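S.K.: Single-letter residue listing:
Number of protein chains: 2
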Amino acid sequence: MRHTTIEALSHSYPVHIGGDLRYETGRYFPKSYSSILIITDETVAAHYLPDVKKSLSQETVFSHVIPEGEKAKSIETFYQLHTKAIEYGLDRQSLIIALGGGVVGDVAGFVAATFMRGIDFIQMPTTILAHDSSVGGKVAINHEHGKNLIGSFYAPAAVIYDVQTLHTLPVDEIRSGYAELLKEALLADSDLYQSLITIDLSSLSSQDLSDKLLKGIKIKAGIVEVDERESGIRKHLNLGHTLGHALESLLGYGYRTHGELVALGLLFAFRVSEKTFSLELPYEQLYTWLKRNGYPLNMPYVEPERIISKMKKDKKTLRTTIQMVLLKGVSKPALMEITDDNLLEYLDGFQKELAQRNS
Amino acid sequence: MRHTTIEALSHSYPVHIGGDLRYETGRYFPKSYSSILIITDETVAAHYLPDVKKSLSQETVFSHVIPEGEKAKSIETFYQLHTKAIEYGLDRQSLIIALGGGVVGDVAGFVAATFMRGIDFIQMPTTILAHDSSVGGKVAINHEHGKNLIGSFYAPAAVIYDVQTLHTLPVDEIRSGYAELLKEALLADSDLYQSLITIDLSSLSSQDLSDKLLKGIKIKAGIVEVDERESGIRKHLNLGHTLGHALESLLGYGYRTHGELVALGLLFAFRVSEKTFSLELPYEQLYTWLKRNGYPLNMPYVEPERIISKMKKDKKTLRTTIQMVLLKGVSKPALMEITDDNLLEYLDGFQKELAQRNS
Numbered sequence: 130m131r132h133t134t135i136e137a138l139s140h141s142y143p144v145h146i147g148g149d150l151r152y153e154t155g156r157y158f159p160k161s162y163s164s165i166l167i168i169t170d171e172t173v174a175a176h177y178l179p180d181v182k183k184s185l186s187q188e189t190v191f192s193h194v195i196p197e198g199e200k201a202k203s204i205e206t207f208y209q210l211h212t213k214a215i216e217y218g219l220d221r222q223s224l225i226i227a228l229g230g231g232v233v234g235d236v237a238g239f240v241a242a243t244f245m246r247g248i249d250f251i252q253m254p255t256t257i258l259a260h261d262s263s264v265g266g267k268v269a270i271n272h273e274h275g276k277n278l279i280g281s282f283y284a285p286a287a288v289i290y291d292v293q294t295l296h297t298l299p300v301d302e303i304r305s306g307y308a309e310l311l312k313e314a315l316l317a318d319s320d321l322y323q324s325l326i327t328i329d330l331s332s333l334s335s336q337d338l339s340d341k342l343l344k345g346i347k348i349k350a351g352i353v354e355v356d357e358r359e360s361g362i363r364k365h366l367n368l369g370h371t372l373g374h375a376l377e378s379l380l381g382y383g384y385r386t387h388g389e390l391v392a393l394g395l396l397f398a399f400r401v402s403e404k405t406f407s408l409e410l411p412y413e414q415l416y417t418w419l420k421r422n423g424y425p426l427n428m429p430y431v432e433p434e435r436i437i438s439k440m441k442k443d444k445k446t447l448r449t450t451i452q453m454v455l456l457k458g459v460s461k462p463a464l465m466e467i468t469d470d471n472l473l474e475y476l477d478g479f480q481k482e483l484a485q486r487n488s
Numbered sequence: 130m131r132h133t134t135i136e137a138l139s140h141s142y143p144v145h146i147g148g149d150l151r152y153e154t155g156r157y158f159p160k161s162y163s164s165i166l167i168i169t170d171e172t173v174a175a176h177y178l179p180d181v182k183k184s185l186s187q188e189t190v191f192s193h194v195i196p197e198g199e200k201a202k203s204i205e206t207f208y209q210l211h212t213k214a215i216e217y218g219l220d221r222q223s224l225i226i227a228l229g230g231g232v233v234g235d236v237a238g239f240v241a242a243t244f245m246r247g248i249d250f251i252q253m254p255t256t257i258l259a260h261d262s263s264v265g266g267k268v269a270i271n272h273e274h275g276k277n278l279i280g281s282f283y284a285p286a287a288v289i290y291d292v293q294t295l296h297t298l299p300v301d302e303i304r305s306g307y308a309e310l311l312k313e314a315l316l317a318d319s320d321l322y323q324s325l326i327t328i329d330l331s332s333l334s335s336q337d338l339s340d341k342l343l344k345g346i347k348i349k350a351g352i353v354e355v356d357e358r359e360s361g362i363r364k365h366l367n368l369g370h371t372l373g374h375a376l377e378s379l380l381g382y383g384y385r386t387h388g389e390l391v392a393l394g395l396l397f398a399f400r401v402s403e404k405t406f407s408l409e410l411p412y413e414q415l416y417t418w419l420k421r422n423g424y425p426l427n428m429p430y431v432e433p434e435r436i437i438s439k440m441k442k443d444k445k446t447l448r449t450t451i452q453m454v455l456l457k458g459v460s461k462p463a464l465m466e467i468t469d470d471n472l473l474e475y476l477d478g479f480q481k482e483l484a485q486r487n488s
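Chain order of the listed sequences is A and B. Sequential numbering of the first sequence, starting at 130, is according to the working numbering. Sequential numbering of the second sequence, starting at 130, is according to the working numbering.
Just chain A, with the same shape it has in the complex (with noise of 0.2 Å):
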């Protein structure tokens, strides 16, 4: 078991990682609750579930199982989770237990962050993908006109994260995952990102991947650390995403993984930061890696100005022009300002590029 500590605004927090944690989740529990609600979805509740029931001896835990993906950060359900804890008799003493990947973590965490005004969460991630949402303090749900728009900045009290639980992963979800680590080490670590980029996913040890995931939450933390509130470099997390989260909103939540958008959305900010600062990144390198693992290439081609007005009510750009977080080189991030009639080219020439290699 290896663990780091995070530093979020309000307190400090710790984040254990190791196998066979949930057999024994209350040991790493930074203080006592009255009372646990354990909030997961279906397929984490079937495996998962029982194990981390019974590691906890108190007998006030409760569980609520909420839908897959997506569309379980609505309103509606965490409406649905605040009637659950009132029903259950959660007090300010209590503790919310998001088991389960990005989905869980966002709304339980949000829910403990509204919870009469917020009571203590522990985050259990169950996915390669939640390493990245587990460090930051970002929770929130989707607005039907745009993801992640309704939330808050609230930190867990503790990540307890076992990696055994990875393996029963859906490969789509680890290609997912892994897209974000190669985006971590993208922005800071080029030894980690020549070492993310020789692996095979199909052989990928649990030792190896532990290893990974901790030199992942450190980069994000290290970001994190400095600019929780998202007003200078915390940006550059978002490297990828300007394209990967527009996809997301108009393919469809759900239509690909997110990590899988955000693999093309770092390909499209290779491309944009090659025409941008006039030099040439290792495209070929990413394209064949993300290739022979099995990421989607394919896309149906969007109207370049849908993508752009999809980009502009994205939470992260201001109101009129769009920023990217671009490379100069790999780890040499930058935050730039890209002109609609550039991104228009930028995004048609891409998506015919994609579309030619894929034909």
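Treat the hints as calculated values from the structure; they're not laboratory data. Some clues are possibly wrong.
Repeated chains share a single entry, so a pair holds when one copy, or any two copies, can fit it.
Taking lysine-lysine pairs in the DSS-like style, the calculated list, with each CA pair at most 30 Å apart, reads [as the list claims (entries may be wrong)]:
no., residue 1, residue 2
1, K347, K160
2, K439, K160
3, K344, K481
4, K160, K200
5, K441, K182
Since this is a predicted model, take the numbers as computed values, not measurements.
Following the hints, put chain B in place on chain A, whose structure we already have.
M.R.: Positioned in the frame of chain A, the structure of chain B alone reads:
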């Protein structure tokens, strides 16, 4: 114009108080904003929205009018306000102005706290009661099972308090806000209390009111600065509210004003204090003043068991025993646990006493 500064956990912010402030709103902004959404209710919009809009020179000022009263603190209004904010193109550099009473402040503040994970908001209170809610950073909406159960701690960027707007208040709203002033004085300032309880509400001058509101704000700010998260002495602010909130919920929001029920709660707290500490408090003086100033002191008999069950659902109580703020004397508050048996007896006796005096 007077002002004071409130130290919240996240930042400090100014409270400006005086007449005519609404004609130069922009002057009191702590910084400039990309766009502004004014949230207000129907009555306030009719009286003051044009003044405020005219006082803002920038082009991108939007407004949205929510329904009158507690029913606006619903999940539906909350979501609708997010929709408006998105449709008007608000971004992270935008401002929400809460122009109105406590309800507008609570719901607009909670929207600001959660829109894109938090943007600035400025309180412009137009009721006496809102002097209380505009300090302390509490923002919330109601759940069908209880008041203010969904919310955050989120301090405004500034409070701009135009006391001229208080002259258009209906008399029951004046009584409501004044009851919170009485409460603040009872907690910390016996001179203020004596002065408040010798004035006739009908002859209250603007100058008098400004002075007393500023004193009330400072008392509340003093408590909140020590204990923003309500773990300790902030609970004192619940004086009169244990019964007040339960009645509000049991008799229906809007049956009486908040403060009129808090006034009943203050009388009840006096009686319970007398029994718990075996002392005498100026109950008759308070009763007589409330009566003379038109506070409704009758109420339908409510089964004590129902009241206790409602109190236990209230966010201020621990799971098992009711905590009440009592007085060991004027300006000497103390937090006490009251057993269910004692509480049943006190609630029954208090209601019968009221009924007898009002028959």
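S.K.: Against each hint, give a clear statement of whether it holds in the structure.
M.R.: Results for each hint:
1. K347 with K160: within (24 Å within a copy, 35 Å between copies)
2. K439 with K160: Close across copies (28 Å), not inside one copy (43 Å); limit 30 Å.
3. K344 with K481: neither (35 Å within a copy, 68 Å between copies)
4. K160 with K200: This pair counts as neither: shortest intra-copy Cα distance 33 Å, inter-copy 38 Å.
5. K441 with K182: between (43 Å within a copy, 27 Å between copies)
Hint compliance for this structure: hints 3 and 4 are not met, and every other hint is.
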